[in-house]
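Trainee: The primary structure of each chain is shown beneath.
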Amino acid sequence: MKRFRIAGDVSALPTYAFGNRNIHWWGTLMFMTIEGMTIAVCAAAYLYVRKNFEAWPPPPTPLPDLVIPTIAAVLMVLSIAMMTRVHVATRKMDLRGVQRWLVIMVIVGIVLVALRWFEFKALNTRWDSNAYGSTAWATVAFHSTLLLFEVVETAVFAALMLFGPREKKHFTDVEDDAVYWYFMAAIWVPLYVLVYVSPHFA
Amino acid sequence: MRQSSRLWPSFRRTVIALTALLGACIVPGNESAFNPAGPQAGRISTLWWFMLAAATAVWVVVMVFLAWAVRRSRQRDQALREPAGDASMQRGVVVGGALTVLILTAFLIADIATGRALGALPRKNALRVEVIGHQWWWEVNYIDPTPGRIVTTANEIHIPVGEPVQIIGSSPDVIHSFWIPNLHGKKDLVPGHTTSTWLRADKPGVYRGQCAEFCGAQHSKMTALVIAEPRPQFDAWYNAQLASARPPSNPVTARGQDVFLKSSCVVCHTISGTLAAGTLGPTLSHVGSRLTLASGSLPNTPGNLAAWIVDPQRIKPGTRMPSSNMNQADLQALVTYLESLK
Amino acid sequence: MTVARGVAPLLPLEVETVRPDPVAPQVWEEVELTDADQELRKELLDTWGDNPGLWGWLRSTSHLSIAKRYIITAFLFFGLGGLEAGLIRLQLSQPENSFIGPDRYNQIFTMHGTTMMFLFAVPVMVALALYLVPMMVGARDVAFPRLNAYGYWVYLIGGLFVYVQFLLNTAPDAGWFSYVPLAGPEFSPGKRVDTWAQLITFTEIAALVAATEIIVTVFKHRAPGMSLNRIPLYVWAMVVTSFMIIFAMPSVATGSQFLAADRLIDTHFFNHAEGGDSLLWQHLFWFFGHPEVYIIFVPGLGIISAIVPAFTRRPVFGYPVMVLALVTTGFMSFGLWVHHMFTTPIPQLGQSFFTAASTMIAIPTGVQIFCWIATIWAGRTRFATPMLFVIGFFVVFIIGGVTGVMVASVAFDQQAHDTYFVVAHLHYVLLGGAVFPLLAGVYYWFPKFTGRMLSERLGKWNFWLLIIGVNVAFFPMHILGLEGMTRRIYTYLPETGWGPLNAVSSAGAVIIVVGMVVFAINFFWSLRRGKTAGENPWGGETLEWATSSPPESYVFMYLPVVKSRAPLWSEGSERVVVGGLRSDVRDTLTTTLMDAEPDHRQSSPAPSIWPLMAAVATGVMFISAVFTPWGLVVGSVLLFFALFFWGWPDKADQAKRLAGESEATA
Amino acid sequence: MKRAGVRAVVAAGVAGALVLSSCERENRGYGEEPAGNPADAASLTPLQPGPTIRVTAGRGPYDENAYKVNEGKFLYSAMNCVGCHANGGGGMGPALMDENWIYGSDPRQIFSSIAQGRPNGMPAWGTRLSNDQIWRLVGYVRSMSGQLRKDVAPTRSDDMFYGPSEQRAKELTPKNATGATER
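Chains as they are written, first to last, in numbering that gives the first Met the number 0: chain A, 0 to 201; chain B, 0 to 341; chain C, 0 to 665; chain D, 0 to 182.
Here chain A stands alone, though its shape is the one from the complex:
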């Protein structure tokens, strides 16, 4: 009769792993790909519609402002640098560091959301004025759902690391949240250039 032959024992293996060794990192990568494709489709629509206009933005619509969007873009890039502090803290399993920096990142996130409200105003057009307004609003709005989702997720992780039932595995999850923040912040730079800067040079 056929029998089992146990050729190895995995009980000694750890129960968590950092980086691309754990499955949540891969899950985050897949969601980043999906969101990346969504943003790409919005940008493609923005560029496709552009060929229907001689002047971009079409005459009655003023050029988008640059002041607040530039501030927000710079803060977005800085937030990547700040998020690496969280990333390093998670790798060192430094609970205090992770808690402190997560709270800071939540504040940065709230500031970014607040700035985003003014960035919508800086577009100087309504979403229902014309195709330019619609595609500009769509691009910024889809990224805003990413921003909002990321800030809320960071807030939940901050609450988890401060008050919740913590365990070592959660450091790897916070690391994945940091990686997602990099993607969210990094992808905003080309979008900022596309929606706010490029009309000035059309």
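It cannot be assumed that every hint is accurate.
Calculated lysine-lysine pairs in the DSS-like style (CA-CA distance at most 30 angstroms, straight line) [stated by the list, open to error]:
| no. | chain 1 | residue 1 | chain 2 | residue 2 |
| --- | --- | --- | --- | --- |
| 1 | B | 202 | B | 123 |
| 2 | A | 168 | C | 655 |
| 3 | A | 168 | C | 530 |
| 4 | A | 1 | A | 50 |
| 5 | C | 650 | A | 168 |
| 6 | C | 655 | A | 91 |
| 7 | A | 120 | D | 169 |
| 8 | C | 650 | A | 167 |
| 9 | A | 91 | C | 459 |
| 10 | C | 655 | A | 167 |
| 11 | C | 459 | C | 67 |
| 12 | A | 1 | C | 650 |
| 13 | A | 120 | D | 149 |
| 14 | A | 1 | C | 530 |
By construction, these hints were calculated from the structure, which means they are not laboratory data.
Position chains B, C and D against the provided structure of chain A, taking the given hints into account.
Mentor: Leaving out everything else, chains B, C and D in the frame of chain A:
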């Protein structure tokens, strides 16, 4: 292009002979891509017969191989494992792959050749006809430099035999698609874009085509007719269309015109030479001379015209023409008048 | 950064790779369980089992029960889609037929297309993979079990939403791809096309979520020893399909949100008077649309690659070529969407590129077909029903394939586009390329799902009725198409001459319906009175046949160690396994990407009601968005709470898990 | 048990209303003529001899039908109502999207305003349009000032954008010529 054209007819003859058997069961009738009446449809039809032959051959060969493999496989008592077997299988797959690439390249070359041949067909001084797709009928305008000679009609396009015709298509509402299978492939009429396609009918006849892009409730009853006729007949028709509508000649048609001008027809329809100048619906200046009514839904007979006027929703549910409640006498007079507008 | 690496060194697995193509054993021998194994089995059943009753059913996250529900729901929608097809054929069976009015008919044919493409074809292939892929790669569960449950509930809510709207006379009526401006705000009043747009969102979420799980399961949860070149071909097909889903579906999800925005809050994406463009919709839709049909077709190729070895008693010939062909098909499917738009006013220059791409994509599929035929030639083939359906695939699909290559040519497509020639092509490719392999898969894996065999006699009836029905129904459509019959017409005049061929086609449809009824009878009859099947009734080579039929909730008592491409054929007298996973907690093994060496233990989350709550919140969000844009705001707040409780760790469960771990490995 | 029964009945009522409302909204009703004779249109002014009889607020036949109201929007531009009333803002003709109704806001009063014509240039459409078409126009005109349900009112048209569509119009309570609210 010179050299390949000598090759082309001989190639065509063999292809058609090869598929005569299969072709027999296809009844080449009106409105059929199998029965080209023009060079464009002819080129595409040749491409079709070549591709049909090649495809049938591919399918038969694969089925033969499959049957052979199945039969050979049932004779084995033990699955073949030695490397010799793998080598012969590899040869088979490589040969199969190579043949596939070859046949696909042949398809590609045939398509590009047909495409270029279609592009090369003469287009000089073509008759320019503007076709505008509306929700569920075709507006036809013959473009002419002198405004006085522009003919506006609906659903039926008369063209001179043997001369190139440029169809300039556009649509104010939804996407339609102008397609006359006997003459050429279809072109989508997309709002916000104008498109153009060139046709030529080498044989006189009435060629029927249907709107090919789903455009709403009555997409199925949006038919266009292209009537190819010799040049003299076409010119006679063109001049008749130019003339304004015939004034009523007897009391019945006079009463019919009066009923027309008093009722709601004038809001949407035009009859040149009268006060009626609505442009929402097709022009009725020469409706008597048209072969069909309601964009190909009904043959043009007085009975059908009366039925259509009284209750269009029964024939084309969803059409924008309102039903009218006029008494029998008025209706008969109106129908007689409209039929008189040859 | 080395702190976090595992404490214990990677295990020395005394495993040597066996000769690449092992011989299929004549008789299949099941593993004998020792007393210790029986004890372990009871603990595992207790840990991995679903809670009893409806509440347990709703909270279940076991991939077996979720996938089974998914498949059954998809087949129910297949039945509904089939009914709609029957109504269409009845209406078109004779000219000027007044069986259905134009408005009702437009809803029916749109629902037929939408149901078959979005609610049956993609979901059933994905559901079958969610059931089989974890088993085939030797994992106990799919990568993200709760996400899996969420995906199914969102799919179910989407399907119910659109069919409730169908009953309320609000089914979409602008075609399964809803071209603008007909589907736009001006020419589609009411909420019909909004229903379609939101349905797209539901089915996209479900498919994207499932694709993520399949990719992560195959990358990180493979059994020890299953390196990349030992992954079964079916699993490769599903990985390629999942990547196609990940890259293609966002395009239509975003496009349908644009359409919903145009219809609800007056945006101008597709309004050409304000700079928008209706061709933008066609690009966005078909950039997803063509990969979509390959998302439906590639799993079919995978199923055939899983079935052929079992019935030819040898592995499929040319494993690397097959994998390469699958990957090439996946890539090329993104390069040919414009062949759906050859008749639109886009520049001629681009079209010849897409003709070349559309023609060349037939090569990888052709190579795979030759490899299968070679395998059949070299094997000792037994023609049970699954193999009959595979032969049916060859016969029907190749006709669809060659007509596909024909419509790839710009010139010919101008005659054939949007006619019944294309309807014939797509039905040959979808029925031949997806439904025949799917039915082959159902006949092949039914013993694994239910522990009973489907009856061979009814199976043969089902096959012959279907193959005759398909050809009688759809072959005349080729001729009808080139004789001028355009798509989506609810009636036609007698003088068009289309009557006789349409009658023949409708007769064919009746045969297909009878065939599917025979399948349903076979399905329900065999559930109770089918011949009982052991672990491996067909003598298959892949790991899903190493589990009991139907598999226990924990699937593998010990994770198998894979030594070759055909693990079950190279077992010999003992099954080499890996022990040490905990049985008091849902413990799974995460392995490295390239060679699947054990890396760390991953605890699979316990069953929870929150995925269902999150799906309901998503449903509230998108369904209320049809009526008021503020619905999105309310829905997203509800979704936040659902996701929060979904992810927030449960204190008791955490304590139990940590208690069992020694300090070193915690 | 009674309270559960009541709750069940209420739930059924709500569900029923939902079903009826969307069924009616989507009913294409090709070829169906609106019942009733519009000739008994309500009087133009609330002034009447003898005791005042409360004028019950009538309902247009197409107030629930999105398709018919959308066709009304097509007729509004096709019959060149835009020429005088613009897109509801008014021009030569009075504004239609505000709360002032010179000749009454009751659907039957609007019907007679369109059918009979009104002083200062409103033509009599009675002989030129069928009753069905006029009722569609009545439905559309009422949607301009937000009188219809949000999911029935038409959304934007594929033309130049003149402002928020009727679906997003604010609901205004109609006032008659004397400034008193009508209902």
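Trainee: Evaluate each hint against the coordinates.
Mentor: Structure-based check of each hint:
Of the supplied pair hints, the one linking residue 202 of chain B and residue 123 of chain B holds, its CA atoms being roughly 20 angstroms apart against a limit of 30 angstroms. For the proposed pair residue 168 of chain A and residue 655 of chain C, the alpha carbon gap of about 15 angstroms is at most 30 angstroms, so the pair holds. Our distance criterion of 30 angstroms between C-alpha atoms is broken by residue 168 of chain A and residue 530 of chain C, whose separation comes to about 47 angstroms. Simply put, residue 1 of chain A and residue 50 of chain A have alpha-carbon atoms about 70 angstroms apart, too far for the 30 angstroms limit, and the pair is violated.
Between residue 650 of chain C and residue 168 of chain A the alpha-carbon distance is near 14 angstroms, which keeps this suggested pair within the 30 angstroms criterion. Between residue 655 of chain C and residue 91 of chain A the alpha-carbon distance is near 25 angstroms, which keeps this suggested pair within the 30 angstroms criterion. For the proposed pair residue 120 of chain A and residue 169 of chain D, the alpha carbon gap of about 23 angstroms is at most 30 angstroms, so the pair holds. Distance restraint check for residue 650 of chain C and residue 167 of chain A: the Cα-Cα separation of roughly 14 angstroms lies within the 30 angstroms cut-off, and the hinted pair is therefore satisfied.
With a C-alpha separation of about 64 angstroms, the suggested pairing of residue 91 of chain A with residue 459 of chain C is violated against the 30 angstroms cut-off. With a C-alpha separation of about 15 angstroms, the suggested pair residue 655 of chain C and residue 167 of chain A falls inside the 30 angstroms cut-off, and the hint holds. The suggested pairing of residue 459 of chain C with residue 67 of chain C holds, with an alpha-carbon distance near 25 angstroms, which does not exceed 30 angstroms. Distance hint between residue 1 of chain A and residue 650 of chain C is unfulfilled; the C-alpha atoms sit about 42 angstroms from each other, more than 30 angstroms.
Our distance criterion of 30 angstroms between C-alpha atoms is met by residue 120 of chain A and residue 149 of chain D, whose separation comes to about 27 angstroms. For the hint pairing residue 1 of chain A with residue 530 of chain C, the CA-to-CA distance comes to about 24 angstroms; that is within 30 angstroms, so the pair holds.
When the structure is compared with the earlier hints, violations turn up for hints 3, 4, 9 and 12 and for no others.
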